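**Q** Residue numbers (the numbering used here), protein chains in the order written: chain A, 1 to 412; chain B, 1 to 269; chain C, 1 to 152.
Keep in mind the hints are simulated off the structure, nothing from the lab.
Certain hints may be false.
[As the list claims (entries may be wrong)] With the C-beta cut set under 8 Å, the calculated list includes, among others, these residues of chain C facing chain A: (1) Arg13; (2) Ile14; (3) Phe15; (4) Arg29; (5) Leu32; (6) Thr33; (7) Phe37; (8) Gly41.
Computed from a prediction, not measured in an experiment: that's the story for all the values here.
Glycine is no exception: its CB is placed at the ideal position from the N, C-alpha and C atoms.
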Amino acid sequence: MTNAVTNVVAELIPHFEGYVYPNEATQQPLWSILIVLYPYITGLVAGAFIMASLVRVFNVKALEPVYRLSMLTAFAFLLCAPLPLLFHLGHPERCFEVMMTPHLTSPMAIFGFVYAWYLMAVLLLELWFDYRRDFVEWSEVTPGFRGTLYRLFTVGVTDVSDPALKLDFKIGHILSVVGIPSAFLLHGYVGFIFGSVKANPWWGNALMPIIFIMSAMVSGIALCVFNYMVLSWVRRKALDMKCLDVMCMFLFYALVVDAAIEGLDWIHRIYSAEEGFQVIQYMAREKLFYTLSLGQVTLGTLVPLLLLGSLQLLRRRVPDLIRRRMYFASGALILLGVLAMRWNVVIGGQTFSKSLRGVMTYKMEFAGLEGWYMGAALLLLPFIILTVFVKIFLSEKLPSTAPLEPHPAHAR
Amino acid sequence: MKSWLSRRNLLSRLSIAAAGLLAASAARSAKAAVQKVFASSGAPRGYDPAMHKWRMAIDANRCIGCGLCAEACKKENHVPEGQYFRTWIERYIIAKPKPGSGEARGETLVDSPSGGMHGFPESIVPNAEIQHSFFVPKLCNLCEHSPCVQVCPVGATFDAPDGTVLIDPKYCIGCGFCIQACPYGCRFLSPVTKTAEKCTLCYHRITRGLKPACVEVCPTQARVFGDLMNPVADDPLQQFYQNNLVQALKPHLGTKPRVFYAGIDKEVR
Amino acid sequence: MSRLFRMPPQVFRIFLLALGIVVVYSIARYFLTPDSFGEYGWYRGEALAELAKREPVYAGKAACAECHSDEYQALVKHEHKTLSCESCHGTGQAHADNPDVKMEMLNYGHCVRCHQASPSRPKWLKQIASKAHYAGSKCTECHVPHSPTEVP
Chain A
1 MTNAVTNVVA ELIPHFEGYV YPNEATQQPL WSILIVLYPY ITGLVAGAFI
51 MASLVRVFNV KALEPVYRLS MLTAFAFLLC APLPLLFHLG HPERCFEVMM
101 TPHLTSPMAI FGFVYAWYLM AVLLLELWFD YRRDFVEWSE VTPGFRGTLY
151 RLFTVGVTDV SDPALKLDFK IGHILSVVGI PSAFLLHGYV GFIFGSVKAN
201 PWWGNALMPI IFIMSAMVSG IALCVFNYMV LSWVRRKALD MKCLDVMCMF
251 LFYALVVDAA IEGLDWIHRI YSAEEGFQVI QYMAREKLFY TLSLGQVTLG
301 TLVPLLLLGS LQLLRRRVPD LIRRRMYFAS GALILLGVLA MRWNVVIGGQ
351 TFSKSLRGVM TYKMEFAGLE GWYMGAALLL LPFIILTVFV KIFLSEKLPS
401 TAPLEPHPAH AR
Chain B
1 MKSWLSRRNL LSRLSIAAAG LLAASAARSA KAAVQKVFAS SGAPRGYDPA
51 MHKWRMAIDA NRCIGCGLCA EACKKENHVP EGQYFRTWIE RYIIAKPKPG
101 SGEARGETLV DSPSGGMHGF PESIVPNAEI QHSFFVPKLC NLCEHSPCVQ
151 VCPVGATFDA PDGTVLIDPK YCIGCGFCIQ ACPYGCRFLS PVTKTAEKCT
201 LCYHRITRGL KPACVEVCPT QARVFGDLMN PVADDPLQQF YQNNLVQALK
251 PHLGTKPRVF YAGIDKEVR
Chain C
1 MSRLFRMPPQ VFRIFLLALG IVVVYSIARY FLTPDSFGEY GWYRGEALAE
51 LAKREPVYAG KAACAECHSD EYQALVKHEH KTLSCESCHG TGQAHADNPD
101 VKMEMLNYGH CVRCHQASPS RPKWLKQIAS KAHYAGSKCT ECHVPHSPTE
151 VP
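Same shape as in the complex, but just chain A (with noise of 0.2 Å):
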């Protein structure tokens, strides 16, 4: 019903204005909403797991804290990274062509390696090293289904010797390190697939992986502090206010580099006028008004800089409580900002002709596969996966081991 309304509304606004290549006139635009969250998502795995390693590989003590949740988050969102991509297909039985007959020039063929490795060779493994320790210990204290649980992940080794986890540990900071570079090409690579497209001005651009890669490390964190608090409000614990500065702190800069590079990219484009940016500026002045001025500039950056630059200088002086909020704030803004700026790459970029004569109007609809509620659902899976993760691996009921040291006893 709701997709019926909203389609007849959107036959009475005129399709496009100006000239558009015929086969750009229907199914406007071929990448939808759905395209729109896997450079999201992605770009979350990324920065939350720069924000892990900050710990692990920078060893900034005061974010201990946050450190297993923020790798829980990754690999939640990493899981889900790829579901919009594959639903989007217009054959998803084919999707293993990818893997088989990978297309070597194709960055999107690559972006399925490139997955793979960060999935198997980065993430599980750095987190299994983690937590090996963990499921030992836990598989023998816990009764049921769980302890078998753990017991399958301890993946039959049941050595906890000093040097053992002397080498889990070390093992752990090889991948940590092998990680970043990962996790750059991971969310570069996603830039690169609409970096790569030298026929639309909007996207075909040195500068968009690393947009993209800055964007991710903001976006990342933003959803660490935004997870951080909101678990701590669940389960009714004390913030530890030291480790939310800290992260803070590391948001604003990344966020201050971010827009920085974005606003580069603008200066560029408007000093060096090239044939499409007429129709660009239009689009982004008219077209992108809420989700490019309002929604990434104004409410996305502008303000949780704002927000978050001031405490940087005032840190001491705002009480805890207006900081969480301020911060918090700050946070879910960030969120937001984000996901509009790829809504503004994705659907900007394909909202005017490549005849550059003309724009053409996004319908979407509630319903369907591509539709609101599809997109809602895919943004709800990650967290609803992460809350299950949570539940297993971050348990209060069981003890857990200081997660980067190796046992204090053994520590030199």
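For chain A, the structure is supplied; the task is to place chains B and C on it using the hints.
**A** Just chains B and C now, with coordinates in the frame of chain A:
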């Protein structure tokens, strides 16, 4: 110590098995390469893709905008109904500059109602205000550096040995990347097959010695078609190259289109 | 060499798993790669033959000339020699396969489709403002389409 040893045995056995599998896979594809493709029944016999280089060229001076080509293409290739076209015709109307504006030209208007397949309605610019107006047939530009082939993740679209750029409808996953990558808007995602589609130069016709449908029905020879490797007497394609200064569409993108245009304006993109 | 395999248990398990993945991938690749893939390039070689297999809808001028040689001979002597039979008469393969299948009926629209005056049409083309040119609807009252310069 013994357990390590048995593990080692297991490992070496596993690696041998893996190596064997990889080798077998290579041998199998080598064998397949020997098989001749056009031996299968139903396909035109005796056609060797390596012995042809098909080309189309467009002489826009001769296009009268009748739309027969776009219509024939739809019928010949069973192109889905609606705004889906493997070839279409654009009408360019360049207005005279407003008096006293100090401009060389007025606005450029482009349209292509139903891809031009039912002809064109009267222009909304009055005849007296038109500086130039002309038609441009569009089709796949058969690029030498096809961005569509480059981005296809599975190898479902490809540059065939005979100079055509084709799509394998049984292998296409319908991701739409090629459609995004094509600068000329020549591809679309078929609502029927859920795969990408585009001009194939009527591959089923040219392999039988027929002309592409659009070339067949074009009343004015605005579309020129031929085989660079087997020129015929008074080859229209060779004559076209001989008699015209040509240009390609969007040359700055480096796609190197193999479809050349004669007689088009700078406004054509 | 033996030192290489003397791994700690957790590393060994991971190594086994990695090997398992590689083996599974190789097996899957062996079975799921189409036979003719890579014959000419990074695609299914068979696709060429499959695409060529489809039946034409337009028969081509030569097929028409086989039976209708008189009309064909008349046509090639006159202005309309560049036209294909199927430009006006419509798709012909079905008719060529089975003469009982009738061709499309022609009407006035076929002539003005090309000859209606338009500022976009090149100057060399004979163009008429059809309403002013003749009030009726039958071009053939005055013109012979196969030999347009003759007047009956």
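**Q** For each hint, tell me whether it holds in the structure or not.
**A** Here's how the hints hold up against the structure:
no.: 1; hint: Arg13; in the structure: holds (5 Å)
no.: 2; hint: Ile14; in the structure: holds (7 Å)
no.: 3; hint: Phe15; in the structure: violated (11 Å)
no.: 4; hint: Arg29; in the structure: holds (5 Å)
no.: 5; hint: Leu32; in the structure: holds (5 Å)
no.: 6; hint: Thr33; in the structure: holds (5 Å)
no.: 7; hint: Phe37; in the structure: holds (6 Å)
no.: 8; hint: Gly41; in the structure: violated (10 Å)
Hint check: violations occur at hints 3 and 8; the rest are consistent with the structure.
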